[in-house]
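Colleague: From first to last, the protein sequence lines stand for chains A and B. The numbers in my numbering rise by one with no breaks, and the one at position 365 of the first sequence is 365. The numbers in my numbering rise by one with no breaks, and the one at position 115 of the second sequence is 115.
Incorrect hints may appear among the rest.
Simulated crosslink set (BS3-like; lysine-lysine; CA at most 27 angstroms straight-line) [claimed, not checked]:
hint : chain 1 : residue 1 : chain 2 : residue 2
1    : A       : Lys67     : B       : Lys518
2    : B       : Lys492    : A       : Lys126
3    : B       : Lys518    : B       : Lys490
4    : A       : Lys389    : B       : Lys660
5    : B       : Lys545    : A       : Lys384
6    : A       : Lys335    : B       : Lys701
7    : A       : Lys356    : B       : Lys709
8    : A       : Lys335    : B       : Lys660
9    : A       : Lys389    : B       : Lys490
10   : B       : Lys604    : A       : Lys384
11   : A       : Lys177    : B       : Lys495
12   : B       : Lys660    : A       : Lys356
13   : A       : Lys340    : B       : Lys604
14   : B       : Lys660    : A       : Lys358
15   : A       : Lys126    : B       : Lys490
16   : B       : Lys545    : A       : Lys389
17   : B       : Lys598    : A       : Lys389
18   : B       : Lys596    : A       : Lys358
19   : B       : Lys495    : A       : Lys210
20   : A       : Lys529    : B       : Lys596
21   : B       : Lys701    : A       : Lys340
22   : A       : Lys335    : B       : Lys681
23   : B       : Lys660    : A       : Lys340
24   : A       : Lys529    : B       : Lys604
25   : A       : Lys358    : B       : Lys598
26   : A       : Lys335    : B       : Lys687
27   : A       : Lys126    : B       : Lys518
28   : B       : Lys604    : A       : Lys335
29   : A       : Lys335    : B       : Lys722
30   : A       : Lys210    : B       : Lys446
31   : B       : Lys722    : A       : Lys340
32   : B       : Lys709    : A       : Lys335
33   : B       : Lys598    : A       : Lys161
34   : B       : Lys705    : A       : Lys335
Here are a few chain B residues that sit away from chain A, every Cβ distance over 10 angstroms (derived from the structure) [as the list claims (entries may be wrong)]:
hint : residue
35   : Asp28
36   : Arg129
37   : Ala150
38   : Ala205
39   : Glu287
40   : Asp391
Derived from the structure by calculation, the hints contain no laboratory data. Cβ coordinates follow ideal geometry from the N, Cα and C atoms, glycine included.
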Amino acid sequence: MAAHLSYGRVNLNVLREAVRRELREFLDKCAGSKAIVWDEYLTGPFGLIAQYSLLKEHEVEKMFTLKGNRLPAADVKNIIFFVRPRLELMDIIAENVLSEDRRGPTRDFHILFVPRRSLLCEQRLKDLGVLGSFIHREEYSLDLIPFDGDLLSMESEGAFKECYLEGDQTSLYHAAKGLMTLQALYGTIPQIFGKGECARQVANMMIRMKREFTGSQNSIFPVFDNLLLLDRNVDLLTPLATQLTYEGLIDEIYGIQNSYVKLPPEKFAPKKQGDGGKDLPTEAKKLQLNSAEELYAEIRDKNFNAVGSVLSKKAKIISAAFEVNNYIEDCIAQKHSLIKVLRLVCLQSVCNSGLKQKVLDYYKREILQTYGYEHILTLHNLEKAGLLKPQTGGRNNYPTIRKTLRLWMDDVNEQNPTDISYVYSGYAPLSVRLAQLLSRPGWRSIEEVLRILPGPHFEERQPLPTGLQKKRQPGENRVTLIFFLGGVTFAEIAALRFLSQLEDGGTEYVIATTKLMNGTSWIEALMEKPF
Amino acid sequence: MDCYTANWNPLGDSAFYRKYELYSMDWDLKEELRDCLVAAAPYGGPIALLRNPWRKEKAASVRPVLDIYSASGMPLASLLWKSGPVVSLGWSAEEELLCVQEDGAVLVYGLHGDFRRHFSMGNEVLQNRVLDARIFHTEFGSGVAILTGAHRFTLSANVGDLKLRRMPEVPGLQSAPSCWTVLCQDRVAHILLAVGPDLYLLDHAACSAVTPPGLAPGVSSFLQMAVSFTYRHLALFTDTGYIWMGTASLKEKLCEFNCNIRAPPKQMVCEEIFKIASMAPGALLLEAQKEYEKESQKADEYLREIQELGQLTQAVQQCIEAAGHEHQPDMQKSLLRAASFGKCFLDRFPPDSFVHMCQDLRVLNAVRDYHIGIPLTYSQYKQLTIQVLLDRLVLRRLYPLAIQICEYLRLPEVQGVSRILAHWACYKVQQKDVSDEDVARAINQKLGDTPGVSYSDIAARAYGCGRTELAIKLLEYEPRSGEQVPLLLKMKRSKLALSKAIESGDTDLVFTVLLHLKNELNRGDFFMTLRNQPMALSLYRQFCKHQELETLKDLYNQDDNHQELGSFHIRASYAAEERIEGRVAALQTAADAFYKAKNEFAAKATEDQMRLLRLQRRLEDELGGQFLDLSLHDTVTTLILGGHNKRAEQLARDFRIPDKRLWWLKLTALADLEDWEELEKFSKSKKSPIGYLPFVEICMKQHNKYEAKKYASRVGPEQKVKALLLVGDVAQAADVAIEHRNEAELSLVLSHCTGATDGATADKIQRARAQAQKK
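Go ahead and model the full structure; you've got the sequences and the hints to work with.
Modeller: Okay, here's the thing in structure tokens:
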């Protein structure tokens, strides 16, 4: 069923089975026929856990999307709301329930909060006078969803914005909870490393939560040797660059959602010209992308040479700083997509530790005049996130970072790579380089750079009972769980997979993140559209 | 064998009973028991005595005394009764003493004589006084039934969840019934009462007369009645000295008995008689084992006898069971020894029943001990369950014994030792003579991080005793913030609750405290609290953003956060305002805020926006069409597309659109219009700041090669080759490339040479290359 999850060093099917079991148990609590009312955002992630067949086995007969007014008619005993704990959704649920009550036969209502029950939401339901209508109010701790044999994501779109712009740590709390669930299944992770403010907070929460569970001693032999927590804002540059791996490019061009890509129908038009028009598919074709498909597993992380040559040329244009201004200016003048322009401007700003005030103001003015004054809010968000900033008096640290971490590699072999920089045809993602250097020779060698990068770096140990301490066999690789707080790109994942496969690498990686993203979806999440 | 059955007496034809003294009571009673109100709790529970119950003829100076003893007569409490006259005493299932006063008030005491609470049985009872009262037990808990002076019944089936029910009137009842009792059938409490020769059953709706089947004639009055503990059986005693026994449903007679005593008994008890199964195989086994101990051959004989009958398994089981029902350890031992002896001759006798019985008996013997005084039978113990027994030990503050039992039975810590320790701690916090510090320390020393101990429960108890400071100290040991926070809120330590919630990282918890604080504090104090807690402040801002926009504005104002205020008003200009004047006003407020934030850029941009908005309004009025909320760039484009070139020019000048962008804009717009004439005029208006290659590109995009060629000739040398290739003039492109002697250009042209038509050109390039290499 989900064989691709058990290929890796760590069998993530265990996690999938655990969350499926939890779901079944909940469904069985509500005896009789059921209709599920979905918070639409959840349907994608749920698809990776349970297909309709599982729900059907447990007497789910109807499914609706959560929206205001009345629920569609359904002859079922139970109505279950699957929702994220958000106040605005509670208002809609209350509306549904109240209009239902006036309509004859009573049904049993239940709420399943994903991933956590919320006192705030329950108070809201109480204020709206419907809290008592729910028989079961439970939580479904679906924090980390297995996407592939070595990949977990929380698929929390707003995580970056909430953490870095709004000071809302909710997703960090969920991340810590998710890590506790993982540890319950795969054993306590003996060492935690981290870089960044959010990483520090997640580690603190984990340590605290562990204290809360004293007594239930975890007796599972640890599968992970290390946990590395990384803040996205330690490396703002990488997601801005265009990913040049096969999977990365598919994501850049078509967008991958919950491991599915929707391809435009014309790509599947018959090749022969004569019989065209008759059987032209009209709907977008949906394809699942994961390592279950052998060919895809093989090529997904390779550099996409054919297309690469076009794009890398562009990349080179950008790299020459003095040409960048003109290029961006032309893009604006020709009214290229705003996201593309913002990505370029941010890229330039991050690479140079900020833009000259004059240049920055010029860009901003051009953007506002061309795309509309409402984008002043978006620009403000980008500034708050540190993606866009004026150069201050201090020196530009970027060259030091670039040199110490060897971020720009001149001789890249895209066919048979020898370094992670192949994923961006010459640029090594800083985030992955940090992981690489942590495993060998250790972060002590790069103390200076770590001090320049934002946020604290730290190390915590979680003591294990003697029986569970690992004796490594010679030649046995360590397993590191690397958690990107604020999102990760497919190119970074490819780079980590490349490191896992190195024969003398010594470390294999399992990747976790708040969201699988790319520069476009990232910037989009930071944009604000007031109308 | 007779020694075992010597104390059994026959009861009727086929049953036997025995009576034995459990304890010689230790109490030192001065009064006769008949002068006291007495209540003994079931299941070996405590005994309450009210001495000198209030009587009219006695002087008021002699106060009644309430004594509580264990079942073995150990004094547990003694207190002077200072409340009103008591009619009846009884114990609830939770071992709480219920004292029913004449005025219908029920006072509840713990078994240590600690006053718990009181409740009233209602106004009707208060007015008519209590004539008689019964405490009874149902599956829901313990109830109270009252017979009032007006000969009406009022009852509550569960004093834990007090719901008073007034029973219907008994027709023609002028005096008190001769006897009555509470019956519980089909989960509903009824009252059975006797008036002269008639029996009535009262339920909440009606009163119906009933007749017991097979009742001997001649009864003129029922003097006493009793129901069994399970409400299954009923016994009636008549004025003819006759006892009727049957099912409580009054559908079946079980037996009758004439005892020839006419005087009404003081009390009558109806017990279900435990039927002892035929001991035959078990008894034989017991004998066999005894003979074995005497090293007698008879042992073998007995054993053989049992085995021949194939009853050895049964014999062993019987011995085990019988041991359970014995109170004397010696007897228990003999029976168990016999069972163990018999087991040796069985191949596969599962050991569980034997082991469990040994364990159970050790526990039972321990609690039956004189000092503990809980004389439970084995059946009672099984019914009660070990958990309830532990609760009862805890209630008697016998913590060490309870812990020993938990450890002996290897109960999981959470159900066992931890729970007892937690109870101990809850008791500890009630010791008011010990300082908060000492209590907290003592508790933490004993409990440490014992799994399953909830410090918050203990703290809640401390708070219940009015020791808030102690509660806070105890909460410090509670690792789960989810537990700390609600109690802190309850204790009105909201600010402490806030910092605990923040520490936990659980934002939902923080929100909960925030909303609590918001209702509790005045606005100023609330904002002040937020100010000191940045994490809470940002969360609250998020909340306001979606729920209370006005509050969000106030928050920014308080912090002098002019930048955010500016953004706030920008948003408001879109969301809240429909009219253009309103929008401009909102933008003006935003611009002012940006100035205050020293963000000159944003302020100027906002002023530009206001200007544009007004202008777009005017354009809509004058030209019609849609202009509002277009970007400046799109406004100019729309004007050009509409043929309003002058106005477009003016707008571009007013907003100082850079030349380059304006050229791109015009170029794109005119090409879209396919206004080639205007485009050419435009291209000649002055030297193009973007060069002429874009002209070529855009014409080709519109498939107009003719126009494209016009511009190709004007493209500067650097891009000339590219332009010529675009318009398909490969030959001329080759010439230029050769002239430039540019290798990259040469290969570019070469890559465009296709088929025979460009053959000559290709040769020309190759020759030029060869020549260049020679030099």
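Colleague: Okay, which hints does this one fail, numbers in order?
Modeller: 1, 7, 9
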